[in-house]
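Quick mapping for you: the protein sequence lines, in order, are chains P and Z. Going by our numbering, the residue at position 102 of the first sequence is 102; the numbering climbs one at a time, nothing skipped. Going by our numbering, the residue at position 3 of the second sequence is 1003; the numbering climbs one at a time, nothing skipped.
There's no promise every hint is true.
Derived contacts from chain P toward chain Z, CB cut-off under 8 angstroms, selection only [said to hold, decoys possible]: (1) ALA82; (2) ARG109; (3) ALA155; (4) LEU211; (5) ALA225; (6) ILE246.
Cut-off 20 angstroms, straight-line C-alpha distance, at most; resulting in silico cross-link-like pairs (EDC-like, lysine to aspartate or glutamate) [as the list claims (entries may be wrong)]: (7) LYS1209(Z) with GLU200(P); (8) LYS1074(Z) with ASP74(P); (9) LYS81(P) with ASP1070(Z); (10) LYS65(P) with ASP130(P); (11) LYS1209(Z) with ASP48(P).
Just so you know, the hints here were simulated from the structure itself, not pulled from any lab data. Small disclaimer: the values here were computed from a predicted structure and weren't measured. Idealized CB from N, CA, C, for every residue including glycine.
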Amino acid sequence: MAVMRQPLVRSNLTLTLMAVVVGLVLAWQLQGPRATPPVGYTPGDPRDRTVNTIEQLETEQSALKAEIARLRADLSAFQSKAAEETDRLRRLNDELDAQRAAAGLLAVRGPGVAVTLDDSNIRNIPASSDPNSFLVHEFDVRDVVNVLWLAGAEAIAVNDERIVGNTSVYCVGSTVMVNTTRLSPPYVIRAIGEPGALAETLRNPSYLSSLRQRVERYGVKFQVAPTAKMTLPAYIGGFSVRHCSIQ
Amino acid sequence: MLGVLTMAQFTTQQHMNQKRASASGVDGGLLISNLVEGNARLRQEVTDLDAQMASYRSATNQSKLQAMQDELEKLKAFNGAVEVYGPGVQVTLDGPAAVLDLQDLLNELRNAGAEALALNGQRLIASSIIEPMADGTIIIDGVAVYRPYIFAAIGDPATLETALLRPGGLLTVFSNSRQGLMVHVQQRDRLTAPVHSSKRAFQYTVPVK
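Just chain Z, same shape as in the assembly:
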């Protein structure tokens, strides 16, 4: 009970200290670093696309085929349409984790730069659903998962770890203010994200070209 009260106090304090839409030093600095990093990613994409265009120009049918196959593989990896492996971090969450905690953690992993994600061996894609059943069981895209919750996040291990463990981040909040919730991050050389068994097709959506 004391823990709950202390946390409520802390949370209220946090709320009171927040100012909306202010360009104060801290907000501005954080925003700038986010924008700088985001623009760097956009520039990388421009470079990649330029290289792709270059390989198409004055290409034989064989090299066009290769370039298109490379792009297809990249898209399939992004969409969870193929199993992928690579380095990254394993994030273990144990204790009384609720559905919202898992959703927040998934969001945090994407924010940290994860390229492919799996939870207890199930691939997570953009439209993946984490939902609770009446008995408290957690279901991911129709399949039940149980504690401990182990996320595999493929990407640069050091970048992912640093982003996840930064002060004020979700993991810090989990460890400091959520009693009984244990979270652990570990760098790994090789993690696997299996293929997503999606049977969803567009029923209402028409692509505009």
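Isolated chain P, as found in the complex:
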């Protein structure tokens, strides 16, 4: 019997800190202007506040990402201009470009595969079945990413979030998070590389056994589409190496 991994509650904060943060956010919400309650909800339903807070935070997240993208473009333009001034600066700029590409900070294009994972369409789940068997989990996404690296992928993105050195694919409750960004199904994992080799490895029965089992038994969706040309976005997020020193 295949070992079914248990979906975990993954968060990188302590419960204490979480409680403090939630408390602060809720307190701040209570002081803030009253939003019009949506139809069907009792006024002051705590769920409204939670949903509002999540929406506000995600709006802020998008704005910050746009700001980072703009600053990185400005910086890169500035450096290219500086590179015209001396040979040494030009060589340094070339090296920076190479390291940026390796880090996932540049958008990239090339051939590859698009893998689509989605929950089963089956709606009448027998009482004897585990409803989770019909769903795509964060570990399925992670396992596909790992198999793609194994198959020789050169760059990977999940629903347009680039997989970089500090990326984790985890779940908060039942929500899949990549680069602290909330994703919703279907999960489309796109990888650049030799399409034939990538697709063949994904079909190899030695890998992804838990996923394959749920595809066959419960109708979970797992589709592989070789693609001649695709563009993956740049990673837009922070990367800290504050605690790292170079010898």
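Please arrange chain Z on chain P, whose structure you already have, making use of the hints.
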């Protein structure tokens, strides 16, 4: 056998209790704290980039050179292109660990905020591959590794330790429900993550500028 059954029962119970896409208190709270923390990191990056831009403006060639060198070093540290050292946590995993366990633990360390990672003295980068051989030997980027599996995770030691040992986290699951699997976290003042001996170059990928 009893252990297996108990665990299966426990797992099923966990599954049954889960609700998908609900904004229930616990899910919402966790999500909010994740978003708050993620946004704080994004703000830090904006601050760093602003500072970099400021140092470029009205800069001499010499200071431009310095600023570009600093950025290059940061990128090389992130990419595993140089050896780095720093404080962090050492996580030891021993017992019948499978490849998926090591992959999950690596993911957990990244999630906890590790800035640079090594496993049994080998640097781990974004595209690092942990795979099993037919005889059960585990191979990382082409090199065999053996028990015990010792991860070096550079970053803030207290933050890393707290995140890794939180209730409901992967390490708790390993200790509570995986018989024979031993996991131990230790704060360290100085850990080393060697250079990644990557010979992979882009063959199919073209950067878009």
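Hint check results:
1. Satisfaction of the interface hint for ALA82(P) is found here, the shortest Cβ-Cβ separation to chain Z being roughly 5 angstroms, below the 8 angstroms cut-off.
2. With its C-beta approaching chain Z no nearer than about 5 angstroms, ARG109(P) sits inside the 8 angstroms limit, and its interface hint holds.
3. Of the supplied interface hints, the one on ALA155(P) holds, with its beta-carbon coming within about 5 angstroms of a beta-carbon of chain Z, less than 8 angstroms.
4. A distance limit of 8 angstroms between C-beta atoms decides the matter here; for LEU211(P) the minimum to chain Z is near 12 angstroms, and the interface restraint is violated.
5. With a least beta-carbon distance of about 16 angstroms to chain Z, the hint placing ALA225(P) at the interface is violated under the 8 angstroms criterion.
6. Here the hint on ILE246(P) is kept, as its CB sits about 5 angstroms from the closest CB of chain Z, short of 8 angstroms.
7. Proposed proximity of LYS1209(Z) and GLU200(P) is contradicted: the alpha carbons are some 31 angstroms apart, above 20 angstroms.
8. Simply put, LYS1074(Z) and ASP74(P) have alpha-carbon atoms about 18 angstroms apart, close enough for the 20 angstroms limit, and the pair holds.
9. Distance hint between LYS81(P) and ASP1070(Z) is fulfilled; the C-alpha atoms sit about 18 angstroms from each other, no more than 20 angstroms.
10. Using a Cα cut-off of 20 angstroms, the hinted pair LYS65(P) and ASP130(P) is violated, with the two alpha carbons roughly 38 angstroms apart.
11. As the CA atoms of LYS1209(Z) and ASP48(P) are separated by approximately 42 angstroms, the hinted pair breaks the 20 angstroms bound.
Of the numbered hints listed earlier, those contradicted by the structure are 4, 5, 7, 10, 11.
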